[in-house]
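Please build the complete structure, drawing on both the sequences and the hints.
4 protein chains.
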Amino acid sequence: MANFPERLIKGYKEFTSSALINEREKYKELAEKGQKPTVLIIACCDSRAAPETIFSAGPGELFVVRNVANLVPPYAPDGNHHSTSAAIEFAVKGLGVKDIVVMGHGRCGGIQAALSTDGAKLDDGDFIGKWMSMLAPVAEQVAATDQVMTPAERQNALERVSIRRSVQNLREFPYIKQMEKDGAVNLHGAWFDISTAELWVMNGETGDFSRAEN
Amino acid sequence: MANFPERLIKGYKEFTSSALINEREKYKELAEKGQKPTVLIIACCDSRAAPETIFSAGPGELFVVRNVANLVPPYAPDGNHHSTSAAIEFAVKGLGVKDIVVMGHGRCGGIQAALSTDGAKLDDGDFIGKWMSMLAPVAEQVAATDQVMTPAERQNALERVSIRRSVQNLREFPYIKQMEKDGAVNLHGAWFDISTAELWVMNGETGDFSRAEN
Amino acid sequence: MANFPERLIKGYKEFTSSALINEREKYKELAEKGQKPTVLIIACCDSRAAPETIFSAGPGELFVVRNVANLVPPYAPDGNHHSTSAAIEFAVKGLGVKDIVVMGHGRCGGIQAALSTDGAKLDDGDFIGKWMSMLAPVAEQVAATDQVMTPAERQNALERVSIRRSVQNLREFPYIKQMEKDGAVNLHGAWFDISTAELWVMNGETGDFSRAEN
Amino acid sequence: MANFPERLIKGYKEFTSSALINEREKYKELAEKGQKPTVLIIACCDSRAAPETIFSAGPGELFVVRNVANLVPPYAPDGNHHSTSAAIEFAVKGLGVKDIVVMGHGRCGGIQAALSTDGAKLDDGDFIGKWMSMLAPVAEQVAATDQVMTPAERQNALERVSIRRSVQNLREFPYIKQMEKDGAVNLHGAWFDISTAELWVMNGETGDFSRAEN
Numbered sequence: 001m002a003n004f005p006e007r008l009i010k011g012y013k014e015f016t017s018s019a020l021i022n023e024r025e026k027y028k029e030l031a032e033k034g035q036k037p038t039v040l041i042i043a044c045c046d047s048r049a050a051p052e053t054i055f056s057a058g059p060g061e062l063f064v065v066r067n068v069a070n071l072v073p074p075y076a077p078d079g080n081h082h083s084t085s086a087a088i089e090f091a092v093k094g095l096g097v098k099d100i101v102v103m104g105h106g107r108c109g110g111i112q113a114a115l116s117t118d119g120a121k122l123d124d125g126d127f128i129g130k131w132m133s134m135l136a137p138v139a140e141q142v143a144a145t146d147q148v149m150t151p152a153e154r155q156n157a158l159e160r161v162s163i164r165r166s167v168q169n170l171r172e173f174p175y176i177k178q179m180e181k182d183g184a185v186n187l188h189g190a191w192f193d194i195s196t197a198e199l200w201v202m203n204g205e206t207g208d209f210s211r212a213e214n
Numbered sequence: 001m002a003n004f005p006e007r008l009i010k011g012y013k014e015f016t017s018s019a020l021i022n023e024r025e026k027y028k029e030l031a032e033k034g035q036k037p038t039v040l041i042i043a044c045c046d047s048r049a050a051p052e053t054i055f056s057a058g059p060g061e062l063f064v065v066r067n068v069a070n071l072v073p074p075y076a077p078d079g080n081h082h083s084t085s086a087a088i089e090f091a092v093k094g095l096g097v098k099d100i101v102v103m104g105h106g107r108c109g110g111i112q113a114a115l116s117t118d119g120a121k122l123d124d125g126d127f128i129g130k131w132m133s134m135l136a137p138v139a140e141q142v143a144a145t146d147q148v149m150t151p152a153e154r155q156n157a158l159e160r161v162s163i164r165r166s167v168q169n170l171r172e173f174p175y176i177k178q179m180e181k182d183g184a185v186n187l188h189g190a191w192f193d194i195s196t197a198e199l200w201v202m203n204g205e206t207g208d209f210s211r212a213e214n
Numbered sequence: 001m002a003n004f005p006e007r008l009i010k011g012y013k014e015f016t017s018s019a020l021i022n023e024r025e026k027y028k029e030l031a032e033k034g035q036k037p038t039v040l041i042i043a044c045c046d047s048r049a050a051p052e053t054i055f056s057a058g059p060g061e062l063f064v065v066r067n068v069a070n071l072v073p074p075y076a077p078d079g080n081h082h083s084t085s086a087a088i089e090f091a092v093k094g095l096g097v098k099d100i101v102v103m104g105h106g107r108c109g110g111i112q113a114a115l116s117t118d119g120a121k122l123d124d125g126d127f128i129g130k131w132m133s134m135l136a137p138v139a140e141q142v143a144a145t146d147q148v149m150t151p152a153e154r155q156n157a158l159e160r161v162s163i164r165r166s167v168q169n170l171r172e173f174p175y176i177k178q179m180e181k182d183g184a185v186n187l188h189g190a191w192f193d194i195s196t197a198e199l200w201v202m203n204g205e206t207g208d209f210s211r212a213e214n
Numbered sequence: 001m002a003n004f005p006e007r008l009i010k011g012y013k014e015f016t017s018s019a020l021i022n023e024r025e026k027y028k029e030l031a032e033k034g035q036k037p038t039v040l041i042i043a044c045c046d047s048r049a050a051p052e053t054i055f056s057a058g059p060g061e062l063f064v065v066r067n068v069a070n071l072v073p074p075y076a077p078d079g080n081h082h083s084t085s086a087a088i089e090f091a092v093k094g095l096g097v098k099d100i101v102v103m104g105h106g107r108c109g110g111i112q113a114a115l116s117t118d119g120a121k122l123d124d125g126d127f128i129g130k131w132m133s134m135l136a137p138v139a140e141q142v143a144a145t146d147q148v149m150t151p152a153e154r155q156n157a158l159e160r161v162s163i164r165r166s167v168q169n170l171r172e173f174p175y176i177k178q179m180e181k182d183g184a185v186n187l188h189g190a191w192f193d194i195s196t197a198e199l200w201v202m203n204g205e206t207g208d209f210s211r212a213e214n
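One line per chain: the protein sequences are E, V, L and Y, in this order. Residues 1 to 214, numbered by the UniProt record's numbering, are exactly what the first sequence covers, in order. Residues 1 to 214, numbered by the UniProt record's numbering, are exactly what the second sequence covers, in order. Residues 1 to 214, numbered by the UniProt record's numbering, are exactly what the third sequence covers, in order. Residues 1 to 214, numbered by the UniProt record's numbering, are exactly what the fourth sequence covers, in order.
The set of hints was computed from the structure by calculation and includes no laboratory data. Hints may contain errors.
You can't tell identical chains apart in this list, so a pair holds if it fits in one copy or across any two.
[To be verified] Within a straight-line C-alpha distance of at most 27 Å, the following computed BS3-like cross-link-like pairs (lysine-lysine) qualify:
| # | residue 1 | residue 2 |
| --- | --- | --- |
| 1 | Lys33 | Lys98 |
| 2 | Lys177 | Lys36 |
| 3 | Lys33 | Lys10 |
| 4 | Lys130 | Lys36 |
| 5 | Lys10 | Lys36 |
| 6 | Lys26 | Lys10 |
| 7 | Lys93 | Lys28 |
| 8 | Lys13 | Lys98 |
| 9 | Lys98 | Lys10 |
| 10 | Lys28 | Lys98 |
| 11 | Lys181 | Lys98 |
| 12 | Lys130 | Lys98 |
| 13 | Lys13 | Lys28 |
| 14 | Lys36 | Lys181 |
| 15 | Lys13 | Lys26 |
| 16 | Lys10 | Lys28 |
| 17 | Lys26 | Lys36 |
| 18 | Lys13 | Lys33 |
| 19 | Lys33 | Lys93 |
Rendered as structure tokens:
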């Protein structure tokens with residue numbers, strides 16, 4: 001095994017000599033008292049859409065799940081491993097988060113794969129194809145506009161359709177549905193334009209996205 | 001649905017008025033050219049162990065998967081949804097990352113759950129129990145040292161055992177095994193002490209962890 | 001017949017006592033020499049999307065055609081009255097404009113009518129239904145996404161699809177097609193967000209719209 | 001396709017930094033509540049006769065149709081596309097405007113074409129010739145005064161004859177005729193002298209035009 005990536009060591013040293021200076025006490029305290037983040041964010045793995053960066057979040061603030069295309073799979077307590085569902089359960093039932101944000105972004109590779117005719121199979125194991133296949137029904141409907149909408153428009157459309165679906169899938173967790181009704185947890189959608197670094201927020205009633213400053 | 005969390009909007013504004021100032025061009029370029037991160041990090045959802053923070057990483061640098069206890073499940077191309085495996089496939093085959101880092105951390109709630117006698121069941125759906133059960137064989141062995149090792153020692157021990165297991169599970173991906181042999185991809189382990197903000201790096205041969213500056 | 005609307009008289013007086021002060025000479029000169037606008041804009045009748053306002057244009061600058069939903073009908077020299085086509089011919093062949101802009105806008109009533117299941121028939125004479133029916137093929141495709149896209153998203157989508165179609169219909173005028181090839185005339189698309197007063201400009205190659213300042 | 005006309009971008013920036021400052025709220029409100037203009041103006045495309053300029057109108061005030069020579073074609077619900085008729089129907093039946101103004105102007109190129117012996121054919125497709133031919137009967141009669149009236153006098157004469165005809169054609173819309181009788185809608189004529197920027201208003205009974213301030 002090769003040496004630990006030099007760039008990461010360098011970045012870590014930068015961390016300890018700048019950001020950490022004002023936060024040493026905070027880390028100590030969080031270790032002793034435990035974490036109590038109030039927000040769970042389900043975001044994408046994409047290197048251009050990091051929640052801590054976008055929301056200037058420090059230690060202890062955000063509980064972050066990141067998977068390809070920031071998907072919340074349908075609720076399926078069938079005994080299989082369910083990474084994202086486990087994280088959601090842990091955040092809500094274990095840590096008591098008050099807000100859950102599903103954050104998508106522009107130019108999402110996973111969404112692009114879902115819109116490709118061949119599902120953009122990368123490998124025979126085809127994990128990414130199977131993962132993105134949970135969007136197949138809605139991806140088809142968006143893809144069907146290919147005679148009138150541009151590729152970029154279809155991409156954006158599915159990114160947002162997917163966020164709405166994921167928020168809806170959150171409600172399939174029986175306790176989340178109940179907690180939302182009781183006002184104990186709030187569900188949100190957001191979409192980050194990686195080109196302009198603009199943040200769009202979803203209107204809970206209409207499902208429409210508009211820029212955070214508008 | 002309630003308003004988007006005020007704290008996040010505030011954090012976003014902070015982002016646009018500080019960090020973003022010097023990075024606007026970078027975001028634009030990354031959007032146009034696409035992302036080409038060289039590192040894939042499998043990290044924990046924990047709010048105190050964010051890769052971008054720890055490694056002072058900017059947009060385009062890290063492709064980040066975050067799940068509870070930063071686990072890489074055993075390779076299982078069985079047609080089910082496999083979030084972490086999909087992300088790994090996407091990063092390696094789709095984006096061509098050169099380094100894969102499994103980063104665990106101290107005080108990990110998932111690891112703590114794995115060491116509890118009842119698997120720390122949080123809900124009948126019990127996603128977290130099922131998720132952490134993939135560590136059951138090794139968790140049992142570590143738990144069995146309870147007559148001699150303190151809870152904190154067993155916690156640290158399992159955190160590191162788990163990292164080693166996850167790195168080993170990475171090698172079960174046929175192409176990763178081959179690429180590692182060819183030197184096309186390198187596998188790494190790391191452990192972040194959230195109390196002291198110290199970074200420990202895993203020795204590829206022995207599996208031992210030592211502090212980054214040593 | 002009632003008196004001329006008071007509000008218009010008032011507005012006219014405001015014009016003569018302010019904007020006109022600096023432009024009297026200009027009007028005189030334009031009357032003597034004739035108009036030589038370099039831009040033809042096909043815009044909507046909508047009271048919230050006036051080209052002169054949006055582009056701060058003074059006398060002599062813009063030759064403006066306004067119809068419901070800023071449509072350029074398919075080229076059809078069949079002897080019937082063709083208001084918009086006549087205006088285009090006059091602007092290009094008679095006045096020698098260099099740029100033709102098709103400008104649509106958000107919340108367009110005509111587009112909304114095109115997306116309604118009943119074509120939003122207003123009268124037995126049904127001029128508006130027949131007028132908007134030229135969009136029927138593309139409207140149907142956009143409307144078919146109603147299971148996944150919100151009404152506002154479909155509205156925006158068709159507004160933009162329609163602008164692209166209209167620009168394409170401009171090219172059906174044989175002389176426009178030729179003049180564009182020769183670089184004698186340029187075709188453009190634009191979309192005005194009446195809520196935020198933001199102007200979006202169409203990329204000639206991809207057909208995608210992006211904000212003027214980006 | 002070339003870049004969006006620089007002049008328009010410049011004018012748009014001027015708009016956002018001056019006129020828009022006081023009207024942002026207005027645009028937002030109009031978007032949310034919808035437009036409710038009380039006046040429909042049928043004006044000419046001419047760059048020197050813009051309604052918003054002449055009447056100092058802001059967003060939401062005027063619903064504007066602009067075609068060559070501000071013509072209201074004869075009422076003909078024959079299934080063909082009728083741009084101006086569609087706009088009139090939309091304004092009256094859809095938006096409930098209370099006043100309809102047909103505004104002509106001096107030096108009108110369309111009127112000039114109608115008075116030319118060859119109908120000023122610009123192209124084999126000859127849209128402008130066909131469009132202006134709806135004035136042929138009255139144009140002939142005005143042209144026949146060429147032994148006694150100057151070209152400018154014949155020009156002005158036909159401009160005003162045409163306005164009267166268009167107002168009359170409005171009455172052919174069954175519902176407009178009825179609504180006028182009921183006082184629900186008022187029809188007006190106006191003529192703008194582009195040389196002096198003077199506005200002339202038509203007397204509903206006699207059809208004569210006199211200056212607004214008289």
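Is it within, between, both or neither when you check Lys26 against Lys10 at 27 Å Cα-Cα?
Cα proximity of Lys26 and Lys10: in one copy and across copies (23 Å, 20 Å).
Up to 27 Å between alpha-carbons, please classify Lys177 paired with Lys36: within, between, both or neither.
Only inside one copy: Lys177 and Lys36 sit 22 Å apart there, 39 Å across copies, limit 27 Å.
Within, between, both or neither, where Lys33 and Lys93 count as close if Cα-Cα is 27 Å or less
within (18 Å within a copy, 41 Å between copies)
Up to 27 Å CA-CA - Lys98 versus Lys28, copy category:
So Lys28 and Lys98 pass the 27 Å test inside one copy only (24 Å; across, 32 Å).
How would you classify Lys10 and Lys28 at a CA-CA limit of 27 Å: within, between, both, or neither?
both (23 Å within a copy, 23 Å between copies)
Pop the pair Lys13 and Lys28 into one bin, within, between, both or neither, using alpha-carbon distances up to 27 Å.
This pair counts as both: shortest intra-copy Cα distance 18 Å, inter-copy 22 Å.
Between Lys130 and Lys36, at a C-alpha cutoff of 27 Å, which is it: within one copy, between copies, both, or neither?
between (34 Å within a copy, 23 Å between copies)
Using 27 Å as the alpha-carbon threshold, which applies to Lys13 and Lys98: within, between, both, or neither?
between (34 Å within a copy, 21 Å between copies)
Copy assignment of Lys98 with Lys10, given that the CA separation must stay at most 27 Å
between (36 Å within a copy, 17 Å between copies)
Could you figure out if Lys33 and Lys98 sit no more than 27 Å apart (CA to CA) within one copy, between two copies, both or neither?
Answer is within: at 19 Å inside a copy they meet the 27 Å cutoff, but 33 Å across does not.
Intra- versus inter-copy proximity for Lys26 and Lys13 (alpha-carbon distance at most 27 Å)
both (18 Å within a copy, 23 Å between copies)
Alpha-carbon proximity context of Lys130 and Lys98, limit 27 Å
Intra 31 Å, inter 24 Å, cutoff 27 Å: inter-copy only.
Every hint, counting from the list given before, is met by this structure.
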